[in-house]
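Q: Sequence:
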Amino acid sequence: MKAIVITSPGGPEVLKIQEVDEPQFKDDEVLIKVEATALNRADTFQRKGVYPPPKGASEYLGLECSGTIEAVGKAVSKWKIGDQVCALLSGGGYAEKVAVPAGQLLPVPPGVSLKDAASLPEVACTVWSTTFMMSRLSAGETFLVHGGSSGIGTFAIQMAKYQGARVFVTAGSDEKLAVCKDLGADVCVNYKTDDFVKRVKEETGGKGVDVILDHIGASYLKRNLESLNFDGRLFIIGTMGGSVTEIDLRALLSRRLTLQSAGLRYRSTENKAVIVSEVEKNVWPAIVAGKVKPVIYKYFPLSEAAEAHQLLETSVHIGKILLVP
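First residue of the sequence shown: 1, per the UniProt record's numbering; consecutive thereafter.
To be clear, the hints were calculated from the coordinates, so they are not data collected in a lab. Built from N, CA and C at the ideal position, the CB exists for glycine as well. One should not assume that every hint holds.
To be verified - Calculated cross-link-like contacts (lysine-lysine; reagent style BS3-like; alpha-carbon spacing at most 27 Å): (1) LYS298 - LYS161; (2) LYS55 - LYS2; (3) LYS78 - LYS222; (4) LYS48 - LYS80; (5) LYS33 - LYS222; (6) LYS33 - LYS161; (7) LYS207 - LYS192; (8) LYS48 - LYS78; (9) LYS293 - LYS33; (10) LYS26 - LYS55; (11) LYS115 - LYS291; (12) LYS198 - LYS161; (13) LYS207 - LYS181; (14) LYS272 - LYS48; (15) LYS281 - LYS74; (16) LYS74 - LYS48; (17) LYS181 - LYS115; (18) LYS198 - LYS78; (19) LYS55 - LYS272; (20) LYS298 - LYS16; (21) LYS16 - LYS33; (22) LYS293 - LYS161; (23) LYS80 - LYS26; (24) LYS48 - LYS2; (25) LYS33 - LYS281; (26) LYS115 - LYS281; (27) LYS80 - LYS281; (28) LYS78 - LYS298.
Unchecked claim - Restraint-style ranges between C-beta atoms, simulated for each label pair: (29) ILE81 - SER315: 20 to 30 Å; (30) SER8 - ASP194: 39 to 49 Å; (31) THR68 - SER8: 29 to 39 Å; (32) PRO110 - PRO52: 36 to 46 Å; (33) PRO52 - LYS198: 50 to 60 Å.
Let the sequences and hints guide you as you build the complete structure.
A: Printed below as a string of structure tokens:
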């Protein structure tokens, strides 16, 4: 099969399409013929050599995909050859075929094309597991997501609105904020020209928001804590703004704040299966109802993975970028 190979750690130019061996699949796995895969920031870190795949996972990039099941392991009963699915991966999506544990598969939601379904697993599992399973965002609460025009952001806006929350977003341009508004965001802040802490306080009568989903990390930590209401929850899923900082713990103590962090890739197969099951139960109905839709910016052929990475790293895109074998 063909797959994208990292020829050496570096920039997008190190990504080359090559002929490689087909993946072997275990008794509790299925083999998927890939229809599409989606780019994630983690792919760029792996390409640079700073985010290796978990032990035993595929060495190839790609943390989600959609496609058709081509073969099933002996222990798999829920799925059969020919089923159209999308999947959460530990790696291997930038290829024509990938082996996936059966517990990490989702049916393609009605109303979503097989190709576009590749944009759903990573964002759905990330947003549901962090914002809802762990931070317990509920109807009537307020929610701030940074990077509202990103893949995570566009999905989080829609899902939080579907659950009955009031949604605040930050983004770096009026064009991006307009898209966030169209997706349901109630308060849109251009972080380049406006102070999000000030806006949050103004819009909440000085209280702050109940939940924040943040991928910036260190450079936003102090301001995020200032933006939280009593019993507020901050969930960190990335460190694009640095990983080391200092905080005054009294800020957490005085307002009973919760600081959480987690990633998806290094979770156990069993834990991922729990999240995927919860996503199918709670998120898929919103997609079927048309309340949450994939936001796709551009499609690239698999052979142009380097160009797709270049686009991702400019951050001009809105929503997801897909590769199609």
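Q: Each of the hints needs a verdict: does it hold here or not?
A: Taking the hints in turn, this is what the structure says about them:
1. LYS298 - LYS161: Measuring from Cα to Cα gives roughly 25 Å; hence the hint holds.
2. LYS55 - LYS2: With Cα atoms ~22 Å apart, LYS55 and LYS2 stay inside 27 Å; holds.
3. LYS78 - LYS222: Distance ~46 Å between LYS78 and LYS222 Cα, so the pair is violated.
4. LYS48 - LYS80: 37 Å, violated
5. LYS33 - LYS222: 45 Å, violated
6. LYS33 - LYS161: This hinted pair is violated, its Cα atoms lying about 34 Å apart.
7. LYS207 - LYS192: 23 Å, holds
8. LYS48 - LYS78: Given that 27 Å is the threshold and the Cα spacing comes to 37 Å, the pair is violated.
9. LYS293 - LYS33: Distance of about 24 Å is within 27 Å: holds.
10. LYS26 - LYS55: Holds, because 15 Å separates the two Cα atoms, which is no more than 27 Å.
11. LYS115 - LYS291: 19 Å, holds
12. LYS198 - LYS161: 23 Å, holds
13. LYS207 - LYS181: 23 Å, holds
14. LYS272 - LYS48: 26 Å, holds
15. LYS281 - LYS74: Since the Cα atoms of LYS281 and LYS74 sit roughly 26 Å apart, the hinted pair holds (cutoff 27 Å).
16. LYS74 - LYS48: Between LYS74 and LYS48 the Cα gap is close to 37 Å, so the pair fails against 27 Å, i.e. violated.
17. LYS181 - LYS115: 26 Å, holds
18. LYS198 - LYS78: Given that 27 Å is the threshold and the Cα spacing comes to 50 Å, the pair is violated.
19. LYS55 - LYS272: With a Cα-Cα distance of about 16 Å, the restraint between LYS55 and LYS272 holds, given a limit of 27 Å.
20. LYS298 - LYS16: Answer holds: LYS298 to LYS16 is near 20 Å, not above 27 Å.
21. LYS16 - LYS33: 20 Å, holds
22. LYS293 - LYS161: Cα-Cα ~12 Å, so holds.
23. LYS80 - LYS26: 15 Å, holds
24. LYS48 - LYS2: 21 Å, holds
25. LYS33 - LYS281: With a Cα-Cα distance of about 25 Å, the restraint between LYS33 and LYS281 holds, given a limit of 27 Å.
26. LYS115 - LYS281: Roughly 22 Å between the alpha carbons, so the hint for LYS115 and LYS281 holds.
27. LYS80 - LYS281: 21 Å, holds
28. LYS78 - LYS298: 33 Å, violated
29. ILE81 - SER315: 20 to 30 Å: For SER315 against ILE81, whose Cβ atoms are near 40 Å apart, the range 20 to 30 Å is violated.
30. SER8 - ASP194: 39 to 49 Å: 41 Å, holds
31. THR68 - SER8: 29 to 39 Å: 33 Å, holds
32. PRO110 - PRO52: 36 to 46 Å: Holds, since PRO110 and PRO52 (Cβ atoms, about 37 Å apart) stay within the stated range.
33. PRO52 - LYS198: 50 to 60 Å: 40 Å, violated
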